[in-house]
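K.L.:
Each chain, written out:
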Amino acid sequence: MGLSEYIVMRELNHPAINNFEVYRRLGGWDAYANALKTKTPTEIIQVVKDAGLRGRGGAGFPTGVKWGFLPRGVFPRYLLCNCDESEPGTFNNHQIIDRNPHQMIEGVALSSFAIEANTAYIYMRGEFAGAALTLERAIDDAYKAGFLGKNILGSGYDLDMYVHRGAGAYICGEETALMESLEGKIGQPRLKPPFPAVAGLYGKPTIINNVETLANVPLIVERGAAWYRSHGTEKSPGTKCFSLSGHVNRPGNYELPFGVPLRELIDSPEYGGGMRGDRPVKIIIPGGASAPWLTAEHLDTLLDYESVAAAGSMLGSGAVIVLNDTVKAPHLAYKMDEFFKHESCGKCTPCREGNHWLVKVLHRLAAEGHGEPDDIKTLKGIYTQMEGNCFCLLGESAVMPIKSALHLFPEEFEAIIAASGHDIESINGRSVGVPVPMKRTRGRFG
Amino acid sequence: MTILQANHRDEIDAIRARYTSPRSATLPLLYLAQDVYGHLSSEAIREVAEILDLPPTDVFEVVGFYTLYYSQPVGTWMIQVCDDVPCCYLGAEELVEALTHVLGVGEDQLTADGMFTVQRVKCLAACDRAPVVQANLDYLYDVTADKAEALLADLRARAADGKKRGVSGRFAEDFEVGSGGKLTHVSREEPYRARQFDSPSAGPSRGTKG
Chain U
-9 MGLSEYIVMR ELNHPAINNF EVYRRLGGWD AYANALKTKT PTEIIQVVKD AGLRGRGGAG
51 FPTGVKWGFL PRGVFPRYLL CNCDESEPGT FNNHQIIDRN PHQMIEGVAL SSFAIEANTA
111 YIYMRGEFAG AALTLERAID DAYKAGFLGK NILGSGYDLD MYVHRGAGAY ICGEETALME
171 SLEGKIGQPR LKPPFPAVAG LYGKPTIINN VETLANVPLI VERGAAWYRS HGTEKSPGTK
231 CFSLSGHVNR PGNYELPFGV PLRELIDSPE YGGGMRGDRP VKIIIPGGAS APWLTAEHLD
291 TLLDYESVAA AGSMLGSGAV IVLNDTVKAP HLAYKMDEFF KHESCGKCTP CREGNHWLVK
351 VLHRLAAEGH GEPDDIKTLK GIYTQMEGNC FCLLGESAVM PIKSALHLFP EEFEAIIAAS
411 GHDIESINGR SVGVPVPMKR TRGRFG
Chain S
29 MTILQANHRD EIDAIRARYT SPRSATLPLL YLAQDVYGHL SSEAIREVAE ILDLPPTDVF
89 EVVGFYTLYY SQPVGTWMIQ VCDDVPCCYL GAEELVEALT HVLGVGEDQL TADGMFTVQR
149 VKCLAACDRA PVVQANLDYL YDVTADKAEA LLADLRARAA DGKKRGVSGR FAEDFEVGSG
209 GKLTHVSREE PYRARQFDSP SAGPSRGTKG
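Protein chains in written order, with the numbering used here: chain U, -9 to 436; chain S, 29 to 238.
The hints are simulated quantities; they were obtained by calculation from the structure and are not laboratory data.
Please note: incorrect hints may appear among the correct ones.
[As the list claims (entries may be wrong)] Reference excerpt, derived from the structure (chain S facing chain U, CB under 7 Å, subset only):
no.: 1; residue: R46
no.: 2; residue: Y97
no.: 3; residue: P114
[Unchecked claim] With a straight-line Cα cutoff of 20 Å, these simulated DMTMM-like cross-link-like pairs (lysine to aspartate or glutamate) come out:
no.: 4; chain 1: U; residue 1: K350; chain 2: U; residue 2: D315
no.: 5; chain 1: U; residue 1: K175; chain 2: S; residue 2: E78
no.: 6; chain 1: U; residue 1: K175; chain 2: S; residue 2: D38
no.: 7; chain 1: U; residue 1: K140; chain 2: U; residue 2: D20
Glycine residues also receive a C-beta, built at the ideal position from the N, C-alpha and C atoms.
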């Protein structure tokens, strides 16, 4: 049951929507123009609250409520659009900008008006050089048409919008690290509180929303909260652009109402088209690298925030990675934690050191196939010291892959250890691990 | 006045005009310097610090932190192969091996002719088209190991034809300051398209997504 009319991936209904004139003919920018003339910022915040729009970047926090945290009467304010999409398995922001950029820009403009910000920055990961060009052109189109600039459409409202490219750092998707990076510094997170809504970019009230979240805003404002709530579930209204990847026949972004069963996303000929070579599903990561793993027994889980949480994982960014039985759990944990090690900013000890040691042990186990008798205990010891002790969610997320792997597939670790024998003497003759072949690590020198 | 200021004054002014704080211009100015000089030497980093009136340490720190700044010379083409999940289970490992084998150099090493550097990188946000590669930040999709030689030949040909972007992807910031003080893009690049890399010998690729 695919959507007949898409809310975000509207290029599927209107392939040329990435052209400014086509977007205008489809009613694009009308919601914004009307809002400037007839609505107050408070009314826009209210309709977004009523629609129940939840942040699509991972946390699922209600967007309108977030906007309501701004202290009254403190200006200037900033709106930041988070397009640092870098977590393994996530790729819908990339497609939204590529195929439906004007709607995203209109969403940024409408949201800026709602929070009374006169400057908006779109923070893009540095690798999105081509997508940055697409957005800069879309912003130019909006300036030329009079939707950005000074005294927009005679309303007295001013808004400038800029694209800012990062330079390769996953941590800059963390909202306070994003602001540090935008201020020209290294991307290390700030202590919270104060929260960005109170003291954000340049110490001013700041709202940070994800690309997909903001792309939802124009149609919510145009068609109303009740229309939006006719999609999805009571607690998760609207649709989600699921990024499906891994061993499926048709990986891609699929916009679906919240609440579709995982099995349907994977197996339906309209979406995943089943598993490659009909091999069985072994591991499903339903919400990006930081989500606890699910297995084939969870295929009937519904894809909404509450149901995925009830199954013991999290919907997160909606990046669904499906892997078959050729993948070994220790190796998957190794690859995932290698990602977190590489991206650790180095600020706090549990994340910087914990990831380093996790990867050292996992590399020896999974890449070299050499186990030591105490490995499981060692791994548990490392992640227990990380869990709950890291400065931001990156370190906490790094616990998930190894914890999931040890919980779901302990026998695979045991098998490697058993196959290595227990020749303690020869093991003691070598260091704990061999150097991991990852050249660049932010957190550690040398 | 520095060399960058003498030759790129309008661009530097336009970049600075976007931000309340001059320091925010650090990242874009480093991209500019990297494209002009090929990589970020200590002199180039000091020059950026001078333009922004920052302690050089603040800028060195930034160069060390972010992966897209290169403090050593890199190839005309910086080939960055995603080796993350799911790419690593769909052929990225074999691709890295094939590329380094054909070029006869290790990862992160510059080829003798100065044409290529092959580097492993983390997720590039195009997992539906794995294995994914960027060549000077231009996306190349579905690059399996059997396409390695054709990929390198294609890149050599593009470099010979002058169809090459800088390693920083700065074409995205190719603009001039218009009459009203607003930025106007003068980029002569073709609009960004999802490129699928196909070698002549490759079989039919998967259909378009969605």
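K.L.:
Each hint needs a verdict: does it hold in this structure or not?
P.N.:
Against the structure, the hints:
no.: 1; hint: R46; verdict: holds (5 Å)
no.: 2; hint: Y97; verdict: holds (6 Å)
no.: 3; hint: P114; verdict: holds (5 Å)
no.: 4; hint: U/K350 / U/D315; verdict: violated (25 Å)
no.: 5; hint: U/K175 / S/E78; verdict: holds (16 Å)
no.: 6; hint: U/K175 / S/D38; verdict: violated (24 Å)
no.: 7; hint: U/K140 / U/D20; verdict: holds (18 Å)
The structure fails to meet hints 4, 6 from the earlier list, while all remaining hints are met.
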